[in-house]
Amino acid sequence: MKMKQTLFRGALLLAFLTVPIFAFSQEVVQGTITDDNNLPVPGANIVVKGTTNGTTSDFDGNYQITVDDFPATLVFSSLGYASKELQVNGGSNLDVTLEESVMGLEEVVVSGLASSVKRRNLANAVATVSAAELAGVTPPKTLDGALAGKFTGAVVSANSGAPGGGMSIKFRGVTSINGNSQPLYIVDGVYVDNSSISSGGLNAVSQASGGGNASTQDNATNRIADINPDDIANIEILKGASAAAIYGSRGAAGVVIITTKKGKAGKTKVNLSQGFGFNQIIRLQGQRNWSEALAESQFGEGDLYAAALEAGRLRDYEEEIFGEEGLISNTNLSASGGNEKTTFFAGITNNDENGIVKNTGYKKTSFRLNVEHNFNTNIKLSLNSNYISSSADRGFFNNDNSGTTIGVALTSTRPWDYLLPDANGNYPDHPNNSSNPLQTRDLMTNNERVNRFILGGTLDVNLYSNQNSNLKLVARSGVDTYNMEAKVIFPKELQFQREDQGGVNGVSAITNTNNKNANYSAFLVHNYFTDNEISFNTQVGATNEQFSRNTVSVVASDLIASETNVDQGANQNVNQNRLEQEDMGFFVQETVNYQDKLIGTLGLRGDKSTNNGDINQFFYYPKASLAANLNNFDFWNEESFLNRLKLRAAYGEAGTFAAFGSLYTVYQSTLVDGSVGIVVPITQGNPEITPERQKELEVGFDLGILDERLGLEFTWYQKRVDDLLLLANTEPSSGFTTKWENAGELQNRGVEIALNAAIINKEDFSWDATLNWWKNTSEMLRMDIPAYNTGGFGTSLGTFRIEEGKSVTQIVGNNVDGDLVQLGDAEPDFQTSLMNNINYKDFSLSFLWHWKKGGDNVNLTKLLSDFGGTSADYDEISIDPDGQIPNGEYRVNNGIFAGNATPFVEDASYLRLREIGLYYTVPSKHLTDWFGNVISDVKVGFSGNNIINVFDYNSYDPEVSNFGGNGLSTGVEVTPFPSSKRYMMHISVQF
Amino acid sequence: MKMIKSIKIILVMLALILASCELDGGESLNGASTSSISDDISRGELTQAISGVLSDMRVGISTHTDVQSIFGREYYYFTSSDPRYEGDVVVGNLDNNTFYVTTPWGARYATIKDINLILEGLDNTTADFSPAEIAAARGVLNTLKAHELLMLTDNQYDNGIRVDVADSENLGAFVDNSAALTAIADLLNTAAGELGNGGGAFSFGLTVGYAGFDTPQTFLQFNRALLARVEAYRGNYDAVLTALDASFFDLNGDLNAGIYHTFSLSGQDIANPLFIALNQTANVRVAHSSFVTDVQDGDNRLNKVVLRDEPREATGLVGTHDVALYSTNIDNVPVMRNEELILLYAEANMQSNPTEAVAALDVLRTAAGLPAYGGATTPAALEDELLYNRRYSLFGEGHRWIDMRRFDRLSELPNDRSTDNVPSAIPVPANENK
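Here the protein sequences line up with chains B and H, keeping their order.
Numbering follows UniProt numbering, in which position 21 of the first sequence is assigned residue number 21; successive positions increment by one, without gaps.
Numbering follows UniProt numbering, in which position 377 of the second sequence is assigned residue number 377; successive positions increment by one, without gaps.
Just chain B, same shape as in the assembly (with noise of 0.2 Å):
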């Protein structure tokens, strides 16, 4: 202590004498801070440590500080930032680049309709991915399909392989059973759609809903496909309804919340980058091990295999199908730049992505102009746009009745069957079965081609500040509209289409689809601070959304010619199905931060509906949050070793709304003899129905130990959602099969745990780790109707049931003695994540491993093959626990045929290397030397997708649903498009 005071007491001298040779050399310091993606960071402090003297820094992040004294250490800090420390000696440019801070803990994250928070005081765990998480380590096939495993809560599930996406995502297992499930989608402040529409014609020849189960199985792509991952700058995950009761009858599912890239005044900046690679597919089946002897004893073919073997004919037909390796090209060019009253950023994408079968594909090209323009200091509007135009060809996979689909036709292809064509084209019929795989995969389209446009505006106007208080206006509108036409031939030359072979002559079906969804919204913004600390944000808004979409099919069939024109043709079935929604609603918000110590939250939101039965009752959600910093209280011991700790607790409801149309029984049209008809619909409509509401209940704590060299956040929820929709089945001797109910309450609980280290923190070399752990648990807490099947093919090969008492995503099935019993449960034991960044001088290396331990398929495309005769584990035994049957027969003698789903039950646990990604950032003293100042940054590099997946599945992959992404219906498969991975080369060079 005495030494200490001695010190200072030199210290305090030293300066005094110097003082008269540096008091009047005032100078001006002053420069531009960007972010690690070049982006200015506006609003940073820059303080001059040890004194009070400090400034921020303008929208485009210039700064300008006047220091008295050098050298002086200047501070620059801003939210979502690592702090940096920089010393000067004198007036001079300074840029600075701020690097996002590990942990976190600075960024802002969204808590109103219009407002942020601090994530060090946020009472959510909510998740944020970053433009580098995002698309950085590699690129994604689709936005969603690049959230998998990068934060916790959540199940994101890959429906097929095709290409152009098709994915599921769910925060914190089911939301809803019969209603919407999907998050709601929002880029810039707008609505963005994500609807599965399905292609008229695929199910006219499939007739995959003629059989067990009555939804189509067509696997349409999820519209949020269209979005281009490179234009993002944040993504932001409300899980549930404590963190998105703001969003009201639309927020249950979650929300995720997308901010694209801006620019900023400066020098224009143009980035051009490139990625070529290729797709392969995961895993092959394989085949039986094919004999003569084997080829006699299964299908009396012996002789056939005998002679195609010397003729040297026996194909691998599962190889010939999905053994193509598909090129991958990503061109990105982007420009940036502006000047301090208007800034832009501007982005042209155009991937191209040939699948693993031939004549399947994707195309997109994405082009985005987002605007940012101060009319003064107090006026600011941004504008963003997007144009996307996209094309993709899924060919024809799932399940039929009709054996027309490539996946059901392969599992009756011998090796010894000659499928190929002729030299003039013609192909072969297949000798078992009703279509040729090879001729279908070759002649047929199944094409989904997309053009939209997103428009986002938002007005910011600063209408009143003073020194205690603040008042801003937020006005936003935004609109995403698009057109879809789907467009899928099937020739008259396939052999389902011959006449002869009982076809109809050639299929052509057009699907055209307009979809528009416009929002408008308005808020008030009132800041107060009073003099001790307290801070008061209050906001009031109002807000209305519209949602229309049109859909017309035609199916034509008995085509002329090799015409495709849907006049072309013999017979021509229409179809047209409409939606039009409007909601309207109101938002009110109070948050109260006494000091970063205690931060609370209390707000409502009010809506109403054209979709309800009362169209314009009012549905109120209220929410409300605590967050405490412990470490922020006196008490606290700043030099801990736990530099931080913060409770929290959020509490919120929110609501689903249910399927458009759910009020009504409506009649469908029928045609007999040429007259029209009205038939009762399968389904009653129930006009009492109201919106499910959730309500959410979340406690957590974050630590930040080691001065936040590690940091831990734990949360515990509890979901429980009430006025459950159900399409609960009817006794149908009323004519009708279901009907739409508000009947019932399933909660979620469970655990999420995120830790983050910077394992290694030096000037060239850095080691940055989080690791993910999360579970959820369900309950079917109360069933105001019976207990009933759902979301599969039945008790003898596994289904849902929605039961009280029980999970809600079980599975159950009749055991090997007849019973009903539960074979499984879709919801996985739990999920793990592991990602890390290391970056060594001018390498870096990411990857990320992501575990799914349990959870269970009902897995029929062995059960397909093995009909067939061709399952690659027939004569296998594994199954049978006697040990005594081989698979294929156990399977079917023992297993449909005797009444026992249990074999079609299967784990689907699955380790995955998700992402990988290793880059070289060639130094800019090189490049300085190679071209001067043209070019300032270049990256090359390696990267790849599942490349790594260990499973014991027994198929393809086990991230697969065959009936989409809705309610329950993930992980039943049949015959799916494959999954693929995929290997990627990257150089990027900027300007």
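No lab work stands behind these hints: they were computed from the structure.
Do not rely on the hints blindly, as some may be mistaken.
With the Cβ distance kept under 7 Å, some of the chain B side facing chain H (calculated, not the full set) [claimed, not checked]: (1) SER412; (2) PRO415; (3) ASP567; (4) ASN571; (5) ASN573; (6) ARG578; (7) THR670; (8) GLY677; (9) VAL679; (10) THR683; (11) PRO732; (12) THR737; (13) GLY794; (14) PHE897.
Chain B stretches covered by chain H per the calculated footprint, using a threshold of three residues with CB under 8 Å from any CB of chain H [as the list claims (entries may be wrong)]: (15) 608-622; (16) 779-791.
Chain H stretches covered by chain B per the calculated footprint, using a threshold of three residues with CB under 8 Å from any CB of chain B [unchecked claim]: (17) 46-55; (18) 85-97; (19) 100-107; (20) 112-120; (21) 183-197; (22) 274-284; (23) 420-434.
Given the structure is predicted, the values throughout are model-derived calculations rather than measurements.
Just so you know, even glycine gets a beta-carbon here, dropped at the ideal spot from N, CA and C.
Mind docking chain H on chain B? Use the hints.
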């Protein structure tokens, strides 16, 4: 001060916006509400609603017919996409919540709902229908409703069906087969009375499948023919003969005269779901081997099946012949034919007038290219001959299984695998919560 003022103005404006923005809309955009028919049916709607009934009667008939035909060991249906036709249905291990149980049941009751909504609409109508027009419409609807109920009790038998389902929220009790048949006969008699008061013409159209039965008087012949079937199932042979008398029964007439479902590929119409081209591999209907082996020499009814190029095997079941009842995907499917009426006539006379019974059977034997019946005319012998002719004359039309059941001979139906069984009835769907 200024600030507070502007806040106030803005808040007042917001409140005004909220209060004044009443939503409107909220309509069903994609079709007419069912109450538009039941509350007050108009003239134009009646034709469309009855077309709906005639169309809906066809829904699910492939599942219905396939299941019955597999039970009756008439044919097998193998489809590469759903193994349960060669599994559960042949094994007789029927799950009460799987499509082979639920589809036929739901489809018939959907048609009955179509009918009940129209009947309700006819009670409430404010259109200028004459009493005769209303009676005629009711007569047709009640006859068709009786037909649908009969198809249900054929399947569920003593597991029971509901007859009174007019009120969706308050469904009637389950009744066994004999009570159901009584109710169906009563309904047919009510309908006959209504048709009798129905004047000379319908105020709506029927399909070409009803050609010759498209006036109240001629439709009554269909009504009576159905009654004859019902009375035969009840064993009331005198009533069968009475009913046949008033029906389109014609011992010397066209065997195929009758009522048919029609199909087309136009628009929302449906194709004949029972048609499959010959020599297919993925989806086939193949005759049960006994149909080929049990046939009497020269019986040309064997041409209802055609020898395949290659046999089709499915898990131990083999079919050598394709079912060839329909040659295109728009062929009509019979609802009721004169051939069945002749068989009902023979059956009704079997005990009381064996000579007349043999005469009737000989009509069919002659048509089939067989010599006249020369066997014994004991009741037992005639029963065999009747069942033989019913089997070959009505092949694939959903009779064999029911006939063997009502003559208590189900155990005679062959099982090709040790696992196989013929059930005597289809369970009531689980969702009926019986």
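Query raised in the report: Checked against the structure, which of the hints given earlier come out wrong?
Result: The structure breaks hints 2, 3, 10, 21; every other hint is satisfied.
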